[in-house]
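Asker: In order, the protein sequences belong to chains D and C. Take 41 as the starting number for the first sequence in our numbering and just add one per residue. Take 3 as the starting number for the second sequence in our numbering and just add one per residue.
Think of the hints as simulated: they come from the structure by calculation, not from any bench. Accuracy of the hints is not assured; some may be wrong.
To be verified - Reference listing, derived: stretches of chain C covered by chain D, where coverage requires no fewer than 3 residues with Cβ under 8 Å from a Cβ of chain D:
(1) 131-137
(2) 143-156
(3) 192-200
In this text, all values refer to a predicted model and were calculated from it rather than measured experimentally. Glycine included, each C-beta is placed from N, C-alpha and C at the ideal position.
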Amino acid sequence: MKVEEVVLPGVGRKYTITTRSGDRLVIVVHSSGKRELQYFEAGEGDEPTAALDLTDEEAREIGAILSGVLFHPEATGDVTARLAEHTIEWMKVEPGDRCVSRTVGECQEEAQLHAPQAHILAILRAGQALVPNPPPESRIEVGDTLILAGSRQGVNALKHELSH
Amino acid sequence: MHPSVLDFAFAAALLAAAAVVVHRCRFPALPAYLLVGLGVGTRLDVASLEPLPSLGLLLLLFSVGLEFGPDRLAALSGRVLRAGGWDALGLLPGLAAGLLLGLDFKAAVMLAGVLYVSSSAVIAKLIIDLRRAAEPESEVVLGVLVFEDLVIAVLLALVGSRGGPLALLASVGLVGAYLLAAHYFSPRLAAAMEALPDEPMLLLGAAFTAGTAMLFHAVGASEGIGAFLAGVIAAGMGLRERILGLFTPVRDLAVAFFFLTVGVGALALLADLQATAVWLALAALVGKLPLDYLAGAAAALGLRRRLLTALYLIPRGEFNLVLGALALREAQGLISQVAVLLVLITIPLGAVAIRFGPAWTAGLRPPPRRLPAAVAAAEGVAEASQLSR
Numbered sequence: 041m042k043v044e045e046v047v048l049p050g051v052g053r054k055y056t057i058t059t060r061s062g063d064r065l066v067i068v069v070h071s072s073g074k075r076e077l078q079y080f081e082a083g084e085g086d087e088p089t090a091a092l093d094l095t096d097e098e099a100r101e102i103g104a105i106l107s108g109v110l111f112h113p114e115a116t117g118d119v120t121a122r123l124a125e126h127t128i129e130w131m132k133v134e135p136g137d138r139c140v141s142r143t144v145g146e147c148q149e150e151a152q153l154h155a156p157q158a159h160i161l162a163i164l165r166a167g168q169a170l171v172p173n174p175p176p177e178s179r180i181e182v183g184d185t186l187i188l189a190g191s192r193q194g195v196n197a198l199k200h201e202l203s204h
Numbered sequence: 003m004h005p006s007v008l009d010f011a012f013a014a015a016l017l018a019a020a021a022v023v024v025h026r027c028r029f030p031a032l033p034a035y036l037l038v039g040l041g042v043g044t045r046l047d048v049a050s051l052e053p054l055p056s057l058g059l060l061l062l063l064f065s066v067g068l069e070f071g072p073d074r075l076a077a078l079s080g081r082v083l084r085a086g087g088w089d090a091l092g093l094l095p096g097l098a099a100g101l102l103l104g105l106d107f108k109a110a111v112m113l114a115g116v117l118y119v120s121s122s123a124v125i126a127k128l129i130i131d132l133r134r135a136a137e138p139e140s141e142v143v144l145g146v147l148v149f150e151d152l153v154i155a156v157l158l159a160l161v162g163s164r165g166g167p168l169a170l171l172a173s174v175g176l177v178g179a180y181l182l183a184a185h186y187f188s189p190r191l192a193a194a195m196e197a198l199p200d201e202p203m204l205l206l207g208a209a210f211t212a213g214t215a216m217l218f219h220a221v222g223a224s225e226g227i228g229a230f231l232a233g234v235i236a237a238g239m240g241l242r243e244r245i246l247g248l249f250t251p252v253r254d255l256a257v258a259f260f261f262l263t264v265g266v267g268a269l270a271l272l273a274d275l276q277a278t279a280v281w282l283a284l285a286a287l288v289g290k291l292p293l294d295y296l297a298g299a300a301a302a303l304g305l306r307r308r309l310l311t312a313l314y315l316i317p318r319g320e321f322n323l324v325l326g327a328l329a330l331r332e333a334q335g336l337i338s339q340v341a342v343l344l345v346l347i348t349i350p351l352g353a354v355a356i357r358f359g360p361a362w363t364a365g366l367r368p369p370p371r372r373l374p375a376a377v378a379a380a381e382g383v384a385e386a387s388q389l390s391r
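The shape of chain C in the complex, shown without the other chains:
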């Protein structure tokens, strides 16, 4: 038997134990995977778990492309788009901070992205796990996330390339070529794909996602944007529901391992933590709250729902880690520290905020508007009870 199976079994057992414990406390599992990674540290040889964790990130971005792609924009209402606009103002302070710290423009844009983008994958999972999907603020939050993912995808296509303007051109050109090809061929391919049974579909989807990511990596672009684009194209072919059904269990397994390795890797990265990184992370955490409160206001939510909107948008995740890895490649240690630190802080904090937010804000709930008949009935009961006394 291959020795890596032992590491796999060990890691899977740890993750399973963590998932069981948090499930009993009615708490979402993602932060627990991170904490397990932090706790295990280098005792676990994460390299032997590959390619599962890397695949986890690619599949995560693939499903984000599938679910939060540009075609969703058309389905959003005007008020949600306005909320997205307010939220996007969060890019500016990051850009300013980056330039003030003396970073070059590309690095400053990266830092802005790291401070700005919330995690649609983590938040959507928290909303489902904590049964908040029916609440009005969830609609606004998920719409804002579509907006954010689009902004960050454009940003990644622009700054995600390695090296000079040639790589940038290759990156943008490749995105264009993919979208163009999808536009012309997907109507014809869609019929053929639809007739495909489940198993070839699963394998084809995996090959397409990993292949696109590798192609983007080969031309010096960000592989993350490749996986995202693969999801967008699959959604364009009308395969969203089927692929989701097929991929969700596979993705969840790989993503658990991915977050475990993020936790393990964070220890080494944060060993020489700079004070600036801590301040930037805290500023991003706090600074985004008022903007998202205003976003909630732009979406015509009440006071309590606005606060909840701001709380829901706390968690950072997949795109932070993509940007952090890019920054590390470009020798921008500060940005990658901020990125990973934000993920480590905001996922557990966000999970707590989303879990208990409704209870914290219960006092702000608008009083029930009683119908005249109900009021009369209530008064009648009160009178009757007085008479009987």
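If we strip away everything but chain D, and leave its shape as in the complex, we get:
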């Protein structure tokens, strides 16, 4: 697979993805959050075979499905059904979130009351290696991406605790 990325000033970013089969997918991520998708079949010329517009939310949902983050219990057997009640979610730390410049330990402790079935699995910081199982004293900063894991309800409650 080959991925090319170009900046489109005033519009956003364009990714051109050529898959192993020779098909091409052009994805434009607008600064407004809209996504434009065009699919070019291998060997066909200039015109896209299919085009699709997605909202930011739809694109994230589809992205999660493609990367296999969302499990669907009805599609799998008993063993994974238990797994299916668990989920992993990525949470971007925004300015004004409650967890900003506090340690993981403090946040976990507070959240323990409301969200006992979830925890912070890792911290993703731009330009740094992934911090798996972050030690309690590591400090959360604006722009970090927290990877949360646990039961679906627990993760939702934890997200709420961290951001409000």
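With chain D's structure known, arrange chain C on it following the hints.
Answerer: For chain C alone, kept in the frame of chain D given last:
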């Protein structure tokens, strides 16, 4: 209630009606705002709409600085830079024409700028509205626009100052001081700004843009370059995405009013239209096409995409109006007429060209390169259908 609210409501209703109509025809709204302005004329008291239209222009230039600033140059590929170089040759005929018409050097440079610069704000909006962002020529066009905006920003810093060499020095000095300050303080400020919630950020951005513009105006420089620079600095602090998200709706509202007042003002300005202005505007419109075709060639686009590149770069806009206002201040009526005339002609024309260009050039589309397997399958089907007959 303040009486200007009535004018605001009237103007907003007209703009909304125009936007709804053109939206139904799947056509971009900017030219419609201009036409509404032309149609309403002096029946609308545009002075009472202030400061919204003036703010519209400043925010437009601010967002151009934010999106098309010099930091974007680094992200452009060599072929796009080559295209920008070809396109920049468009300055020379304007300069020559200005000198031949007996203008002084400063005015000739202004005229060259007016004939040369396309509107990144208008074109980017057309590309988004008409869903052309994924096409290869859009990448080249937007890159060329980064190049143009930089050229015109330098040009504005040089000729945009009122009066003598002292004002020029103040203008260039102020730009330098801003860039230097941004270089030293922005890393420290960036962290503080990032932690700021949305609302203070919006107000701070508005104050910074308008304040910078006013400061530039006060020292005799062009306020337009001030607003542009404010955008460049905000982008340098890494605030591009957030500010865009916050400012886009505000900007779009103010810009609609700005284009409305441009339409209204154009009537008075073009009342004593000189034939030379018409010829210059037409020459600029036509003369830029072959250069941009060559720019497309320099960017290694195919025949059809080269033609589309030339069509996409037709619309003139914000910088023409900045230069036109400057020219008017310097009593260069001809230049400001050319500037406004070009905006009036090229925005609707460019919108039509971008909307229908792909259909006009459909015949030039390269034939699909079929894979051997697909060809074999197609032939197989043909044989089968012959057998069944």
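Asker: All the hints need checking, so say for each whether the structure fits it.
Answerer: Going through the hints against the structure:
1. Counting residues of the stretch 131-137 of chain C whose C-beta lies closer than 8 Å to any C-beta of chain D gives 3; at least three are required, and the coverage claim holds.
2. Evaluation of the coverage hint for the stretch 143-156 of chain C: fulfilled, as 4 residues show C-beta separations to chain D shorter than 8 Å, against a requirement of three.
3. Residue count for the stretch 192-200 of chain C with a Cβ under 8 Å from a Cβ of chain D: 4. That meets the three needed, and the coverage hint holds.
The structure agrees with every numbered hint stated previously.
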